[in-house]
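Place chains B and C with the ligands on chain A using the hints.
First to last, the sequence lines map onto chains A, B and C.
Quick note on numbering: our numbering labels position 239 of the first sequence as 239, and the sequence is numbered without any gaps.
Quick note on numbering: our numbering labels position 34 of the second sequence as 34, and the sequence is numbered without any gaps.
Quick note on numbering: our numbering labels position 71 of the third sequence as 71, and the sequence is numbered without any gaps.
There could be a bad hint or two in this list.
Across the chosen pairs, the derived CB separations fall in these ranges [stated by the list, open to error]: (1) A/Gly263 <-> B/Asp212: 42 to 52 Å; (2) B/Gly266 <-> A/Arg25: 51 to 61 Å; (3) B/Arg140 <-> A/Asp261: 22 to 32 Å.
I should point out that these hints are in silico values taken from the structure, not numbers from a laboratory.
Glycine included, C-beta positions come from ideal geometry on N, C-alpha and C.
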Amino acid sequence: APGSVLPVNGLRILPEVADALAAGRPVVALESTIIAHGLPRPDNLRIAREIEGRVRAAGAVPATIAVVHGRPSIGLDAETLEFVAGSREVLKAGIRDLAPVAARGGHAATTVGATAHLAYQAGIRVFATGGLGGVHRQARDSWDESADLVALTGCGLTVVCSGVKSILDVGATLERLESLNVTVLGFGTHAFPGFYLADSGHRLEWRVDTADEVADVVRAHEALGLGRSAVVVANPVPRGDQMDPGLHDRVLERALAALADSGVRGKAVTPFLLEFFHRETRGASLAANIALILGNADLAARIARALTIT
Amino acid sequence: APGSVLPVNGLRILPEVADALAAGRPVVALESTIIAHGLPRPDNLRIAREIEGRVRAAGAVPATIAVVHGRPSIGLDAETLEFVAGSREVLKAGIRDLAPVAARGGHAATTVGATAHLAYQAGIRVFATGGLGGVHRQARDSWDESADLVALTGCGLTVVCSGVKSILDVGATLERLESLNVTVLGFGTHAFPGFYLADSGHRLEWRVDTADEVADVVRAHEALGLGRSAVVVANPVPRGDQMDPGLHDRVLERALAALADSGVRGKAVTPFLLEFFHRETRGASLAANIALILGNADLAARIARALTIT
Amino acid sequence: APGSVLPVNGLRILPEVADALAAGRPVVALESTIIAHGLPRPDNLRIAREIEGRVRAAGAVPATIAVVHGRPSIGLDAETLEFVAGSREVLKAGIRDLAPVAARGGHAATTVGATAHLAYQAGIRVFATGGLGGVHRQARDSWDESADLVALTGCGLTVVCSGVKSILDVGATLERLESLNVTVLGFGTHAFPGFYLADSGHRLEWRVDTADEVADVVRAHEALGLGRSAVVVANPVPRGDQMDPGLHDRVLERALAALADSGVRGKAVTPFLLEFFHRETRGASLAANIALILGNADLAARIARALTIT
Ligand SMILES: [Mn+2]
Ligand SMILES: [Mn+2]
Ligand SMILES: [Mn+2]
Chain A
1 APGSVLPVNG LRILPEVADA LAAGRPVVAL ESTIIAHGLP RPDNLRIARE
51 IEGRVRAAGA VPATIAVVHG RPSIGLDAET LEFVAGSREV LKAGIRDLAP
101 VAARGGHAAT TVGATAHLAY QAGIRVFATG GLGGVHRQAR DSWDESADLV
151 ALTGCGLTVV CSGVKSILDV GATLERLESL NVTVLGFGTH AFPGFYLADS
201 GHRLEWRVDT ADEVADVVRA HEALGLGRSA VVVANPVPRG DQMDPGLHDR
251 VLERALAALA DSGVRGKAVT PFLLEFFHRE TRGASLAANI ALILGNADLA
301 ARIARALTIT
Chain B
1 APGSVLPVNG LRILPEVADA LAAGRPVVAL ESTIIAHGLP RPDNLRIARE
51 IEGRVRAAGA VPATIAVVHG RPSIGLDAET LEFVAGSREV LKAGIRDLAP
101 VAARGGHAAT TVGATAHLAY QAGIRVFATG GLGGVHRQAR DSWDESADLV
151 ALTGCGLTVV CSGVKSILDV GATLERLESL NVTVLGFGTH AFPGFYLADS
201 GHRLEWRVDT ADEVADVVRA HEALGLGRSA VVVANPVPRG DQMDPGLHDR
251 VLERALAALA DSGVRGKAVT PFLLEFFHRE TRGASLAANI ALILGNADLA
301 ARIARALTIT
Chain C
1 APGSVLPVNG LRILPEVADA LAAGRPVVAL ESTIIAHGLP RPDNLRIARE
51 IEGRVRAAGA VPATIAVVHG RPSIGLDAET LEFVAGSREV LKAGIRDLAP
101 VAARGGHAAT TVGATAHLAY QAGIRVFATG GLGGVHRQAR DSWDESADLV
151 ALTGCGLTVV CSGVKSILDV GATLERLESL NVTVLGFGTH AFPGFYLADS
201 GHRLEWRVDT ADEVADVVRA HEALGLGRSA VVVANPVPRG DQMDPGLHDR
251 VLERALAALA DSGVRGKAVT PFLLEFFHRE TRGASLAANI ALILGNADLA
301 ARIARALTIT
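Chain A with its partners taken away, still in its complex shape:
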């Protein structure tokens, strides 16, 4: 029946997604934090649909992930997507929040880490997002490092992103990924992307140029007994869609100052800074954000397709 669901080890999997997984057809996981907490309303719902459409256009089935009425849901029907985009009751859940939210029957958008975990549990092999969490600039004192990083060591899928948000300590984040033995591939570049900017100023050792090349690395990764750990594909925002670098740097400086003044902490930091950027750049950061996530959705779908060829 339409809207019905298939329970698989605690997960609610949308029939279209379950069918694709059963048949070995390409599926791309998408996170919901960007929808519920990363983009301004009401545009967020339209953009969420556009992201899913981009996955479809590239030949894969989108599976947006969120917790709804306590059920981790792999793929959202139209009504549920609307609910996640519109409700004020939708929390933000990392991996460690999944069980409390589920136990009380709550709703939550999922972070990169939580989405990766649930997608991996569901058997999805590719995940598209905007930017990874990372080491915060004050982490020397605060110890604030995103749970996404350790999460990547236990979720064996390919994560397509545009680097980490520039509000973080990018260099320290790259070092942590190295310490955690997480493979990072630059897509079409040796420059680690800077989220709103194509180049963060940090170099990557490994460059790949096609989805097939990514699939080859993923297959080698699994054959080598590394399949419990993620492969990160760092895909820059198209040059034409990036923010003006000078504007970016000026706004970033002011955003960090505003953050320090605000007393905002923990999970509220990233939404605060994204909103500051959106407001102060009069939408230029938002345009870049949308362009990069659409690009990542497209690339993820192509990688998912390449992985279905054996």
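Coordinates of chains B and C with the ligands only, in the frame set by chain A:
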């Protein structure tokens, strides 16, 4: 025969505990470091028995864990408990010390991490302790972070504690727990407990109010494929039993200064500071310490019972 | 046929090694980074052969590990060893580089972490190297910590080394090993070795004095459910072969200054500093380096033999 034991994959399990585990009856693991190195003698033996008694009174079987004559022992008979409380030959073993102690036939009290590991190996689902180890205040320079934290990521049981000892950097410890994706639930509170004090000044996102609620979260945790990682239940010392906060802060400041002067390092740090507190507060910290561990034993037993209901 | 290989889950295993593993005879893994990037040419080839010879002389089969033509190779025939020692095309691969190198059919010497991973996948139980990677001296700011450390938590073999290179922050590295629950045993000493020096100035809790004693600890480690994590055996360079401590400290200071001036970063740091030492000590550091790796090869072979006795 009385005192006989059942060997299970290298572990010596007391028959009463083995029977309870086989029958699916509630069992609570208890650590021995508090007995051998955390409480003054000869009171420690009496208190150890009181802790076990509190578990029994709440309807569960206590399993105090230690390494005796090289054998990791899950549940100690009366004579062995007396030995652990009284002998000067009982070392302090973290996870990484278990094999060396076992190989040479030595004796050791087990830390939170080592107790959690052995309890998990034995199939015990709930563990009561005083306070977790954590990030030390000088960790920016020394890199000194308790092995308990990473241990929690590989031991899938429920750990009931009263926060972390206030001699640590509590905020950094909470951040590390977040980075490691460890779920932390406040019991009856959104305030993270401060060991001797009910409130450390740090907030928790998740509050639960009953043992049944904890059990619901644990079942969701396992259903979501997170069962290899611990769930921490942070249970404050009863308000009436906490130390006077002003006294606490004054003694803490002096204790840290004394530690810096003493040159004491590594595993000896926590016993040094606990003893300083006991001495300088004329027993007020000891009273709080006993009250909190008894409270945790009681709550752990109630959670273990709630988990047996399916 | 001579030079033929046996494919085992993506690995190419030299027949002599495969036969020994199948028959339960002792095998010692050896890393190739020291050959390709750690020792000056053309001495490196001779020394690589000497290391293998030392393993054989002590009764075990050597398995030098590298990636050749994209295939992770466990044991190298004479021709391949010569290629790894002589080619300029041989990269340096940590665990996260294995899949990219394999996917493009490249060549790479393997770091401690990558060698440990591949050896563990192949079923080898003992590995001899020079020094572990660790926490860098600037890690407070740079977050630069070797991927070897976390790698040890997922590779359940015995790693024989002479501590960590003195260019690192040795104390912080030991703390990190403790936080990660990695067992460290001093061989014949309670002093943690200082690579070129027998004593780094840091104490170890556990001392063992024979290969049989190490094997007892390893068997206890496995019986206790800790078999996914490595046991580190820290074996000092023989006192007679160590560098003059005064010379060591003077050169170290200058080497660190030269590093800061050079702008060298990442994977190139260790080769830069080793070469600086070799040049400035007129070979004294090289002599110590060779002596310690030969000693470790010998001890590893004796441990591998002790482990075959059940
Ligand atoms: Mn954070
Ligand atoms: Mn410590
Ligand atoms: Mn590094």
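Evaluated hints:
Checking the proposed 42 to 52 Å range against A/Gly263 and B/Asp212 shows it is violated: the Cβ atoms sit about 36 Å from each other. Checked against the given bound of 51 to 61 Å, the beta carbons of B/Gly266 and A/Arg25, roughly 55 Å apart, stay inside it. In this structure, B/Arg140 and A/Asp261 meet the distance hint of 22 to 32 Å, their C-beta atoms being roughly 24 Å apart.
When each numbered hint is compared with the structure, a violation occurs for hint 1 only.
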